[in-house]
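**Q** Position chain B against the provided structure of chain A, taking the given hints into account.
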Amino acid sequence: MPAPSDSTALRCQNLHRFLGRDEGRVHVLKGVSFEAQRGQVYAVVGPSGCGKSTLLYQLGLLDQPDGGEIWINQQLMSNHDDTARTAARGEHIGFVFQFHFLMLEFTALENVMMPMRKLGRLGAEAMAERASSLLAAVGLGDKTHRLATHLSGGEQQRVAVARALANQPAILLADEPTGNLDQRNSGVVFDLLMRLAKENRQAIVLVTHNPEIANRCDVVRPMRDGVFV
Amino acid sequence: MSPNLQIAFRFLTAKKRAMLMSLACIVLGVGLFIVTQATTSGFEGFFIKTILGANGAIRIEDEIQATIRSMAAGGEDSSSNFQVLEKEGRKYIQGIQQPELIMDALRHFSNVAGVAEVLHGDVIINSSFKNDSAQVYGINLEDYLKVSDLGGHIVQGSLEEFRNEPDEGALMGRILAEREQLNVGDSFILQVHNQIRRYRVAAIYETGVRDIDQVRVYIHLSEARSLLEKPTGASFIQVNLYDELRAPQDALQMERTLHHSAAPWQEREKEWLEVFGALRKSTAITVSVFTLIAALAMFNTLAMIVLEKTKDIAILRSMGYTRQDISRIFLWQAAIVLAIGTVIGCLFGAGVTYAISQIPLRIRTIFTTDTFVVAWSVWHYIEATLTAVVMVMVASLIPARRAARLEPGDIIRGTAL
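Chains as they are written, first to last, in the numbering used here: chain A, 1 to 229; chain B, 230 to 646.
Same shape as in the complex, but just chain A (with noise of 0.2 Å):
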């Protein structure tokens, strides 16, 4: 692996998670490396059990490693303490998962809002603006004060994309983002986050199962029983 320059956003070395106990206990990654540079698209993709998206928790800090080093902007994490990884988790990262989970008792502008509200970087009225522009920009701007459950599966998950932008991330990790929606959702919901990371010059990591999706990335790399192939 070549030596991490300014533009690398994430780093793991060497990564080794265990899952289960005794005899139920699986070496689930067994020694992975990988690099994220800013402003790409990485597409992670493999058999289901492979380790993708145990990855990409360990990745998103979401998860202690068993073995192994993670860097967030050349700072390494993995031997922080929770509170660390915290702060790191909402300063530097963001999430979309397969399953949006959006919070239900609150509208679209406010699930977008909550990460910035626990950063705290920004005023209440910044906040809301910022989160306005965010849902106009996944195309919700006339949907900003609708509940969670008010909305279609494509468009939480649009809401979802915004949540994970709120607060600048240099990191974006998806978790099969597309996996749960249709078509032409799953082609919005892709474009979005190719336009942004270029635009933003964010590292995007996204886990899929999606072969069309996973070739339009900048890089696809493959897993097999716990390691690149």
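These are computed hints drawn from the structure, not numbers from a lab.
Think of the CB as a built atom: it goes at the ideal place given N, C-alpha and C, for glycine as much as any other residue.
Hints may contain errors.
[Unchecked claim] What follows is a set of in silico ranges between Cβ atoms, one per label pair, in the way DEER data are often shown:
1. A/His16 x B/Arg634: 19 to 29 Å
2. A/Asp191 x B/Ala243: 32 to 42 Å
3. B/Gln553 x A/Gly24: 25 to 35 Å
**A** Chain B alone, transformed into the frame defined by chain A:
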């Protein structure tokens, strides 16, 4: 509004029925705690007020003699007919030989509001209806009014008549007057040893304490000295205090300084006060069960919300919300319901307390009342609120900590909980 508080508010709406149940339990717990404390404290307070009004805060009685030997030396050559009592290794000479000196000394105590000497003795009362035993209390009216509520206890006649009749005026307890079929203005005879004297009912009083109202007859002190053939001394000195709660400390100091036994009202009425105290505690414990149920309901509701909101917890954690944030979101939910519940509970408690105070209830034994007696104290509200806060927040800590411990990776993978 902080994001945690806002999220807590919205999460509450997800479990409206369960939260309303918790709220209802808190309202009942707080309200009933207040009501029971108001009624038990009300009766206790009224009893204390009655006792203080009738017998004063401290009673100075028998003289304490330092040693047995000195008493024996004094007794051999003396013609004194004082009875000598022995108690717990101490010798007591019944009564007070020089009440004026003792009263002067008592007036120097900063907490003393009034002192009055009293001479009492057992007598036979003869009316035109029947003869009965009674107790005569010789008092200086003006002094005695400073150490009792006698003026407020008059139910027939007036103190003025008693004041204007220094020889034959008498104040008679209501029950004794009824038993003797005597009214204001009627004459009766008091008899003791060879003394037989006629008196007139100047007024009838009612303290509410049956043991007093059925035996006690007040006459002027000078008249009592003649009737009981005790030209000097006093049976006891009744003391009134500015701060009655300090009576035990003051009594101890008086006993040490004056060498006379001093009994504070807390000691004199120990049995009844213990009964009231036990009643108040037992009702508080019983009613706290409601609050305990409220705490369990809150625990159950929050545990359900944690189960239902695991994905939301994962989202929040992925967005940078810390474990403390997650814990606070759930504690805020408990706090919001608790705050609403305690406010409504306090209002409910106050309303029910007022309603109870209007319920007719006739008591004529240790005190006299025609309605439920309630006490209005801010401490009942504080105690009820603190009980609810401690129980509900402790019960809420468990689900809140459980929510905070959840690993977002496990939730998304579906292996959490």
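**Q** Could you work out which earlier hints the structure fails to respect and list their numbers in ascending sequence?
**A** Of the numbered hints given earlier, the structure breaks none, since each of them holds.
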